[in-house]
Amino acid sequence: MTERIDLSPEADSAPPGSDAVLEVSDLTVSFPTDDGLVQAVRGVSYRLNRGEVLGIVGESGSGKSVTSLAVMGLLAGSARVSGSVRFRGTELVGASDAELTRIRGRHISMIFQDPMTSLNPVYTVGYQIAEAVQAHKDVSKRDARERAIELLEIVRIPSPEQRLDNYPHELSGGMRQRIVIAIAMANDPDVIIADEPTTALDVTVQAQIMEALDLARAATGAAMVLITHDLGVIAGQADRVVVMYAGKLVETGTAEDVFYAPRMPYTLGLLGSLPRLDRRTERLTPIGGAPPSVVHMPPGCPFTPRCPLAQPVCETEEPEPAPTTGPDHLAACHFSERLAGVEPADLFATHVTDETALAEFARETEKRS
Amino acid sequence: MTAPAADATGAAEAPLLSVRHLVKHFPVRSTGVLRREIGQVHAVCDVSFDIAEGETLGLVGESGCGKSTTARMLLNLQPATSGEVYYRDIELTRLSRRAMRALRREIQIVFQDPYASLDPRMPVNEIVAEPLRIHGSGDADRVTVVRDLLRTVGLKPEHGNRFPHEFSGGQRQRIGIARALALRPNLLVLDEPVSALDVSIQAGVLNLLDELQAELGLAYLFVSHDLSVVRHIADRIAVMYLGRIVETGPADALFEGPAHPYTQALISAIPLPDPRKERARERITVVGDVASPVDPPSGCRFRTRCPTFAAELDEPQRRRCVEELPELVIRGQGHPVACHFARLRSLL
Chain A
1 MTERIDLSPE
11 ADSAPPGSDA
21 VLEVSDLTVS
31 FPTDDGLVQA
41 VRGVSYRLNR
51 GEVLGIVGES
61 GSGKSVTSLA
71 VMGLLAGSAR
81 VSGSVRFRGT
91 ELVGASDAEL
101 TRIRGRHISM
111 IFQDPMTSLN
121 PVYTVGYQIA
131 EAVQAHKDVS
141 KRDARERAIE
151 LLEIVRIPSP
161 EQRLDNYPHE
171 LSGGMRQRIV
181 IAIAMANDPD
191 VIIADEPTTA
201 LDVTVQAQIM
211 EALDLARAAT
221 GAAMVLITHD
231 LGVIAGQADR
241 VVVMYAGKLV
251 ETGTAEDVFY
261 APRMPYTLGL
271 LGSLPRLDRR
281 TERLTPIGGA
291 PPSVVHMPPG
301 CPFTPRCPLA
311 QPVCETEEPE
321 PAPTTGPDHL
331 AACHFSERLA
341 GVEPADLFAT
351 HVTDETALAE
361 FARETEKRS
Chain B
1 MTAPAADATG
11 AAEAPLLSVR
21 HLVKHFPVRS
31 TGVLRREIGQ
41 VHAVCDVSFD
51 IAEGETLGLV
61 GESGCGKSTT
71 ARMLLNLQPA
81 TSGEVYYRDI
91 ELTRLSRRAM
101 RALRREIQIV
111 FQDPYASLDP
121 RMPVNEIVAE
131 PLRIHGSGDA
141 DRVTVVRDLL
151 RTVGLKPEHG
161 NRFPHEFSGG
171 QRQRIGIARA
181 LALRPNLLVL
191 DEPVSALDVS
201 IQAGVLNLLD
211 ELQAELGLAY
221 LFVSHDLSVV
231 RHIADRIAVM
241 YLGRIVETGP
251 ADALFEGPAH
261 PYTQALISAI
271 PLPDPRKERA
281 RERITVVGDV
291 ASPVDPPSGC
301 RFRTRCPTFA
311 AELDEPQRRR
321 CVEELPELVI
331 RGQGHPVACH
341 FARLRSLL
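Sequences listed follow chains A and B, in order. Taking this note's numbering, the leading residue of the first sequence gets 1, the next gets one more, and so forth. Taking this note's numbering, the leading residue of the second sequence gets 1, the next gets one more, and so forth.
In short, the hints are calculated from the structure, not lab data. All C-beta atoms in this analysis are idealised placements derived from N, C-alpha and C, irrespective of residue type, glycine included. Worth double-checking, as some hints may not be accurate.
Partial chain B-side listing against chain A, Cβ under 8 angstroms, derived [to be verified]: (1) LEU149; (2) GLY154; (3) SER168; (4) ASP198; (5) SER228; (6) ALA269; (7) ARG318.
Just the calculated beta-carbon pair ranges, DEER-fashion [to be verified]: (8) A:ALA135 <-> B:ASP119: 49 to 57 angstroms; (9) A:ALA362 <-> B:ALA310: 52 to 60 angstroms; (10) B:ALA310 <-> A:SER45: 41 to 49 angstroms; (11) B:GLU130 <-> A:PRO32: 40 to 48 angstroms; (12) A:ASN120 <-> B:GLY332: 51 to 59 angstroms.
Simulated pairs of lysine to any residue, SDA-like, Cα-Cα distance not exceeding 20 angstroms [to be verified]: (13) B:LYS156 <-> A:ALA357; (14) B:LYS156 <-> A:ARG306; (15) B:LYS156 <-> A:GLY289; (16) B:LYS277 <-> A:ALA261; (17) B:LYS277 <-> A:ASP239; (18) B:LYS277 <-> A:GLU256; (19) B:LYS156 <-> A:ARG279; (20) B:LYS277 <-> A:ARG279; (21) B:LYS277 <-> A:GLU211; (22) B:LYS277 <-> A:ARG86; (23) B:LYS156 <-> A:HIS351.
If we strip away everything but chain A, and leave its shape as in the complex, we get (with noise of 0.2 angstroms):
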């Protein structure tokens, strides 16, 4: 080991000025196989500043969850990761886990989507906030419960302390999960990771959770990294957000860039794949074809066989993002320019039955009936 970390406020290695907490530069993540070398993860990079939230977006496979759990030290020993994580300045790829431990829970805590999976279910609820807050301070049980109650105040659950003495399999999904962000914020950390932290629930309950964060972030003033597939919650609560596709960061900017100027023909197909609440959308623009296996990936841009805008040097160039609109609005696509006030449906093919087919069919069931 050649440093010891000091994590106290005083000893913020970070360089004078700069206001990022976590800083992700070039992260690869692979995964050995029996059928080669899985690359879930290729070359991410992301700055998350002090206080706000960092929205993580794509669909199954993208690498989003992976992303995170590197950051936290959390893959499997299989897991090869290179590039580089620091938090406050401090390298975290390649720290021992004795090192990892102090900066888990205390300062980078995790909240997870199954809230089943991340509480222990032979222990009550009031012993799990408890053995958190004592993991990290010195702390009597009896102090240790009192702050648990309040924790659980904060997250706005009901008559905290019965709470206490339920065991998970007692509670809800919404209140579990709830004691999940309680125990999370349960060390006043700087950085909260949530994986997909209202995906199992219900939508008036995922309402609920959302703003058991909004609390938990305004009580501890903790930054967040905040992983989602649903474009509507990265859209009320994120500062700025990092599209995700095939492993890569393929668009980032603020909420805004990124909803009102895509910059990625991915991120626009996404955006115009959304049924929307408010209004009437007359044709959604699926994407066609699926992602390309992480196995074997092709070279140059990964969503060239799917993109309306592929060109020859698609398939050979993979580009890197690059700025567009302004200097933190990059996207990695060799045409990015072409997409300015590029609607959905100009670009990607709304109409998805083969019409022939379908009248022939049509005809020869008629006679039927």
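Please arrange chain B on chain A, whose structure you already have, making use of the hints.
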């Protein structure tokens, strides 16, 4: 057989399908050897609606509200405790299995999970042809129909010899739709057909359903928990809460002016993918979780979570919510709503 009386949900005359006072109770049994019945889950209570030819009715609600049970009762996959389902003028809850089988030419279902609903050991050609075989169409006929169906839903006919595991989730759902269409039904019951799919794939299946409906004149019962999807696809919507329909009406009217506090809370809870709009929205949040369907609240079932009940009503008004079941009727908001104190609100 008497034709069903006109219903509040507002479909045109002579509906294709009419559901009247449908009820489903599931027994709750003790864990002992005797497995005594110790209670009942009131899954569906007095649900009535109509579906006209060629139209889409969206049935929405959160998990456990009874929407899928309702869908299954329409096909007699789940026997109804009481109530009637009329297809044209055939009452089908008391049909024999044989008579019901004949009716399955007319009503087909597509399930949520495209991984579970296709037989993994059957090639796709056979999966799609199976309903045709059961209902006795000729071999030659079958081959052309299957080929056209696969092409219609965007699959290559030469892929018909492959097995379901060789296809993606979106493609499997298209196969499920092709199978459901094979007999050229008039009504398709779609039970959360796109919930398991990523949005970019989901959009393809929704467009497919749109295009099929336009060409084939199908009627859909579209069951979903996703209000955005339902707004996109449905002509009319019925919102369910704890086994009852609480509000129903044309899609645009219901979203632009919801009158039931539950519908309002649902609409308000869904984040819009539009940062400026989303951050400026008024929020109605409900507290707590859905009450138990084993012992549902008296009177209005939503009152235990209702923000109007909690914040705006006085004691005599609350007593009314506790004691008197609100009927699903038009109360001055233009469409039927089951709330004593219904009031239009604009939330989008």
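Hints, verified against the model:
1. For LEU149 (chain B), the interface hint holds, since its Cβ comes within 8 angstroms of a Cβ in chain A; the closest pair sits about 6 angstroms apart.
2. Interface hint at GLY154 (chain B): satisfied, since its Cβ lies 6 angstroms from the closest Cβ of chain A, which is below the 8 angstroms cut-off.
3. Annotation: interface hint on SER168 (chain B) holds; nearest CB of chain A at approximately 5 angstroms, less than 8 angstroms.
4. Hint on ASP198 (chain B) holds. Least Cβ distance to chain A is approximately 4 angstroms, under the 8 angstroms limit.
5. About 4 angstroms separates the beta-carbon of SER228 (chain B) from the nearest beta-carbon of chain A, less than 8 angstroms, and the hint is met.
6. Because the beta carbon of ALA269 (chain B) sits about 4 angstroms from the nearest beta carbon in chain A, less than 8 angstroms, this interface hint is met.
7. Given the 8 angstroms rule on beta carbons, the hint for ARG318 (chain B) is violated: about 19 angstroms separates it from the nearest Cβ of chain A.
8. At roughly 50 angstroms, the beta-carbon separation of ALA135 (chain A) and ASP119 (chain B) lies within the given 49 to 57 angstroms, and the hint holds.
9. Taking the beta carbon of each, ALA362 (chain A) and ALA310 (chain B) are about 53 angstroms apart, inside 52 to 60 angstroms as hinted.
10. Checked against the hint of 41 to 49 angstroms, the pair ALA310 (chain B) and SER45 (chain A) passes, with Cβ atoms roughly 47 angstroms apart.
11. Taken as a hint, the range 40 to 48 angstroms holds for the pair GLU130 (chain B) and PRO32 (chain A), whose Cβ atoms sit roughly 42 angstroms apart.
12. The given range of 51 to 59 angstroms is respected by ASN120 (chain A) and GLY332 (chain B), whose C-beta atoms sit roughly 53 angstroms from each other.
13. Pair hint LYS156 (chain B) plus ALA357 (chain A) holds up; C-alpha atoms about 11 angstroms apart against a cutoff of 20 angstroms.
14. Straight-line distance between C-alpha atoms of LYS156 (chain B) and ARG306 (chain A) comes to about 18 angstroms, which keeps the hinted pair within the 20 angstroms bound.
15. A C-alpha spacing of about 13 angstroms is found between LYS156 (chain B) and GLY289 (chain A), which places the hinted pair at or below 20 angstroms, so the restraint holds.
16. Only pairs whose Cα atoms come within 20 angstroms are accepted, and LYS277 (chain B) paired with ALA261 (chain A) is accepted, the gap being roughly 16 angstroms.
17. With a CA separation close to 14 angstroms, the supplied pair LYS277 (chain B) and ASP239 (chain A) stays within the 20 angstroms bound.
18. For the proposed pair LYS277 (chain B) and GLU256 (chain A), the alpha carbon gap of about 11 angstroms is at most 20 angstroms, so the pair holds.
19. A threshold of 20 angstroms between alpha carbons decides the hint, and for LYS156 (chain B) with ARG279 (chain A) the separation of about 35 angstroms lies outside it, so the pair is violated.
20. About 12 angstroms separates the Cα atoms of LYS277 (chain B) and ARG279 (chain A), which keeps this hinted pair within 20 angstroms; it holds.
21. A distance of roughly 18 angstroms separates the Cα atoms of LYS277 (chain B) and GLU211 (chain A); the hinted pair therefore holds under the 20 angstroms criterion.
22. Taken as a hint, the LYS277 (chain B) and ARG86 (chain A) pair is broken in the structure, with Cα atoms around 35 angstroms apart against an allowance of 20 angstroms.
23. A threshold of 20 angstroms between alpha carbons decides the hint, and for LYS156 (chain B) with HIS351 (chain A) the separation of about 16 angstroms falls inside it, so the pair holds.
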